[in-house]
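*Asks:* These protein sequence lines map, in sequence, to chains P and H.
The first sequence begins at 1 in our numbering and counts up one residue at a time.
The second sequence begins at 1001 in our numbering and counts up one residue at a time.
Misleading hints may appear alongside valid ones.
[Said to hold, decoys possible] Part of the chain P face toward chain H, derived, beta carbon under 8 Å:
#, residue
1, A18
2, P19
3, D24
4, E37
5, L38
6, S40
7, L44
8, D57
9, P59
10, E60
11, P64
12, Q65
13, L71
[Said to hold, decoys possible] Derived DEER-like restraints, expressed as beta-carbon distance ranges:
#, chain 1, residue 1, chain 2, residue 2, range
14, H, G1425, P, P23, 39 to 49 Å
15, H, R1316, P, D34, 29 to 39 Å
16, P, D16, H, T1501, 10 to 20 Å
17, P, D29, H, R1409, 39 to 49 Å
18, H, K1308, P, T77, 47 to 57 Å
19, H, T1182, P, R52, 32 to 42 Å
By construction, these hints were calculated from the structure, which means they are not laboratory data.
Cβ coordinates follow ideal geometry from the N, Cα and C atoms, glycine included.
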Amino acid sequence: MTKEDIRTAFIEELLDIAPDIDPDTLGEDDHLQDDLELDSMDVLNLVTALHRRLNVDIPETDYPQIATLALAVSYLTARVT
Amino acid sequence: MTNRAIDYDADPWAEARAMLDMPGGMLNIAYEAVDRHVMHGHGDETAMLWLGKGGDRQELSYADMARQSSRFANVLAAHGLASGDSVFALLGRVPELYIAALGTLKAGMVFTPLFSAFGPDPIRTRMEIGAAKVLVTTPDLYKRKIAAWRDEIGTLKLVLVIGVIDEDADEGCVALGPVMATASPDFDTAPTRPEDPALIHFTSGTTGRPKGAVHVHEAVLYHAFSGQCALDLTPETTYWCTADPGWVTGTSYGIIAPLVQRVKMIVDEAEFDLERWYSTIEREKIEVWYSAPTAIRMMMRSGADVAKPYDFSSLRFLASVGEPLNPEAVVWSENVFGQSFHDNWWQTETGGIMIANLPGMTVKPGSMGKPMPGIEAGIVEREGNTLKELGTGEIGELALRPGWPSMMRAYLNEQARYDKCFVDGWYLSGDLATRDEDGYFWFVGRADDLIKTSGHLVGPFEVESVLIEHPAVAEAGVIGLPDETAGEIVKAYVTLNPGFTADVALERALRGHARKRLGPAVSPRVVVFRENLPKTRSGKIMRRLLKARELGLPEGDISTLETDEK
């Protein structure tokens, strides 16, 4: 799976959980909670969706590492084989 | 505390009264929370340690809080505002929120904190009902959620924005920082009386608009008393209440009770973050911690191993509120923190903790505990216009004998809805519960259609109203679906107008529409399509039936069902 595939997967799952986000204005460094207004339940749902789609476990302690699109893509790329 | 002769028969709240100063019969929450501590020589003690999202720290002493809140009161007065005027705050957990709350009360005005993650609709409805004269917010929240309709709130005279200088404030807004800097740090506290309104907290109804529960300055008696009795708050205790002041817990026990009891209050601006929370407890040596089941269950998900490296030995008392704490969470907390979370129960209307597992009491995991001293609770059943008290083990509505100081005094402009809460000398909570042979109360469910999600009460009507404003939606029914982390999540059933197709894209569009208007905490996490919703002859959607079917429960009395679900 390429970095671009992972990026696409992350954005798709994010938009499914928070369809109020406009994909055209989604910034690399937008913070899921501070800028995109996800709440804790949204973040949990996103983690569950990513697990299902990419078969990657994201422990609670790593949530800060998926807090933005840029962070998440590099974190997931390193973990998805 | 000074020793005074206390006549409990004449005044059951004499003990609470003795915790306060009440100079000359004046009773003002802000005075009791900060100014009197300065007068008694405690001005240098830390009132609030604020932890910013980005790692910055700000410490405010009681003297700082007194001066800053006086400046804020002077700003309000300088803008021609008067006693009784309504001041709203739409802010995250930043120092200005706490200053604004105290300054408003000091000025004799009425304070309403709103949850900053609300979307524009809930904000606007609440500002309309509360006849907001002042709003304190950030430039960003103002632009995104307020600016578009600000002019339509006729009562609104002043919008104060934090964190900017004059030139950068939006048109029609006043930058708070500069006016605070030039305002006097002295203010003569408004001589409020016990029955003067102080706070309005909104709560959801099953039908109609949200209700503004009015609390008066006398509530501080109960905050002082229950803070000590139920949360073990004593002077200089290091205390962390994780609730946001936008919900009643975050005001009663996140501002008032701790300050009145002269504790060192920790305020964390950030949302739940496992390692941040654990390290905050360790680093700040938190002694008393008041949190919520959703957060505790999120900690549980990560397992006990993550908690192992941390030193939690400073913790002395743990309490939880918002929804029933499941027995597993109580047992887990014993393993991880070395002690149980003590569940307690209360509501926006009650203003303070009513039923609790008090410090030192044997915790029965899953139970909300026993009624507080001075509080009479019962399990009742309606029989026409009277109530029948039920016995041990029977399920009925949880009711309280009115008369404690922090009880709401009104629903703003809604006398009829207020009156409906009181029957036969009892206040009816709307919660179903049962009492066991040892006098412990156990939550069973809601008696109505209200949804409890992540500890917040959500009114289905408010959600349905927004859904049917979408052009595709003909009808909507909203229920709470059990969820292991959030307690319940909001689920919506909709029927569509002709010309629209029930598909994934539309499901997303509806959720997106709701999130934009309501914010994530209140919006449905799931939307499903139906050809018909179950309705009564008068056209009322039977949410109860939707829920029973969802859960595979008996459908109960369906004699009023006219049109069934398809």
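*Asks:* What are the numbers of the hints the structure violates, in ascending order?
*Replies:* The structure breaks hints 3, 8, 12, 13, 14, 18, 19; every other hint is satisfied.
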